[in-house]
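Chemist: The chain contents come next:
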Amino acid sequence: MIRKRYAIVIAGASGCGKTALVKKIAENIRGTALFYDNYSHLLKNKPLVDDSDNLESQMNQKHYILSRLAEDLKLLLAGETIIEPLTGEEIRPRKYIIVEDPHGRERHDIGHLYDYVVLEDTPLEICLARVLMRVFGGKYFMKEGTRELIAQEKADPKEKITVFEKHLNGQYWSRENYIIVNNYVRKNADLIIDGLGSIEDIAELVIRKFKKFKTSITTKKMKGESKSLL
Amino acid sequence: MGDPNNVVEMKSIVVVLTGNPASGKSTLAEHLSEELGGLAVLKFDDYFDSLQGWPNDMRTWVNEGAEIDEWKNFRLTRDIVSLINGTSILNPTTKKNINPSPIILVEDPSGRERSEMVELIDYLIFIEIPNEISLIRSLTRWLNSEKVKKDGKRVKKRDEDPEELLKNMMEFVGLYLESYRDMYVIVCDKVKKKADLIIDGLKEPKVLVQEVLQFLKEQNIESLEGEK
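From first to last, the protein sequence lines stand for chains A and B.
In terms of this note's numbering, the first sequence has 133 at position 70, counting the first letter as 1, and numbering is strictly consecutive.
In terms of this note's numbering, the second sequence has 248 at position 188, counting the first letter as 1, and numbering is strictly consecutive.
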């Protein structure tokens, strides 16, 4: 019998704390972590963040589809090791695969593979402040339009100001976008959390709720089976 | 009724505008003033030098229950009383003269939460905007703010010293995450509960002005009669 593996997904806006939560959960339940951001460079076209009206269709158009992520998840769920495209690192399958995916179940190529979707619905002002801290408050600054890191103090301050402005005017961080995406994700999410409080507490809560969910589907299945036997 | 000691006086009405940072208090005050033929407008921020009891440690202040009444600004209250009594005052920051008017507008984020103000306030209007819009607007304003150089020339801070500007803004973002965000949320929550009118700050200023004028009209304020 093939051992059942589970894909647990953390969705939410940029800055909501997805990445940290995925890492924490993976650490606590000895799971495999998989990050959307390590695949997003494969997107042929960048999502049109300022075109909020068409977001629903956009999410399922080719420039949002990350078939490589779906393929890799399928392999992991089948018990195979994959090579993560950005870092080239080997990722081994464990019983629980924790996936960071901002779109939850909303992308049709991958949504059906997800067992449990958590929307981390952190207040947006906190998300924005955290993103700004990440971009400008860390040791390194990523040169605009690249993945090249330079020491924060060596970066051109005028460029930094431009990047800062793009976080405020919707180009790099778009509240309209996150509100719309979260509204879609919320409808098909299994758990919604507010992302406030300590990461330990949040991770513990998610794990507890997931285990409860897992038990309930197993019981349902057993009940269903015993019924069919009658 | 009919009491000879009851001298009928045109008492000024005090309207306090409140809401999150960058919710549009000043813009609304400007428009209202224009609409009503020039009003006295006082801003809490212009009285920052005379503000007492502002928490040194915002986190502790929030954790200990956010007691807004600890903020005292006697100069502001004194000036409001002066205006009510028909005496002109001087804006402590701009040093400009402010003359009495039938309606006195006060921009004060603390609403009816400070005991020294409660008696003076006739109407409290709360301008509501989402927290992230407040943060975005505040930072955008800061990003495009100017400073006056020694030779009197006005320059944009982002052109003059982008490094310094970014440093200051990021210092604030750090504080915002640490405590200021929670402070704004708690203060607005308390203040909003005692508001006489809540308006949606995402609407156009001219729509908001009409909503406020309509509200004031419904209050049958004597001093407003014959304005139009």
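Incorrect hints may appear among the rest.
[Unchecked claim] Derived, one-sided and incomplete: chain A residues facing chain B with beta-carbon distance under 7 Å:
id, residue
1, G142
2, L187
3, E188
4, A192
5, L195
6, G200
7, Y203
8, K221
9, K223
10, R238
11, I242
For the record, the hints were derived by calculation from the structure and aren't laboratory data.
Heads up, the beta-carbon is just placed ideally off N, CA and C, and yes, glycines get one too.
Chemist: Which of the numbered hints are not met once you compare them with the structure shown?
Modeler: Checked against the structure, the hints that fail are numbers 1, 7, 11, while the rest are satisfied.
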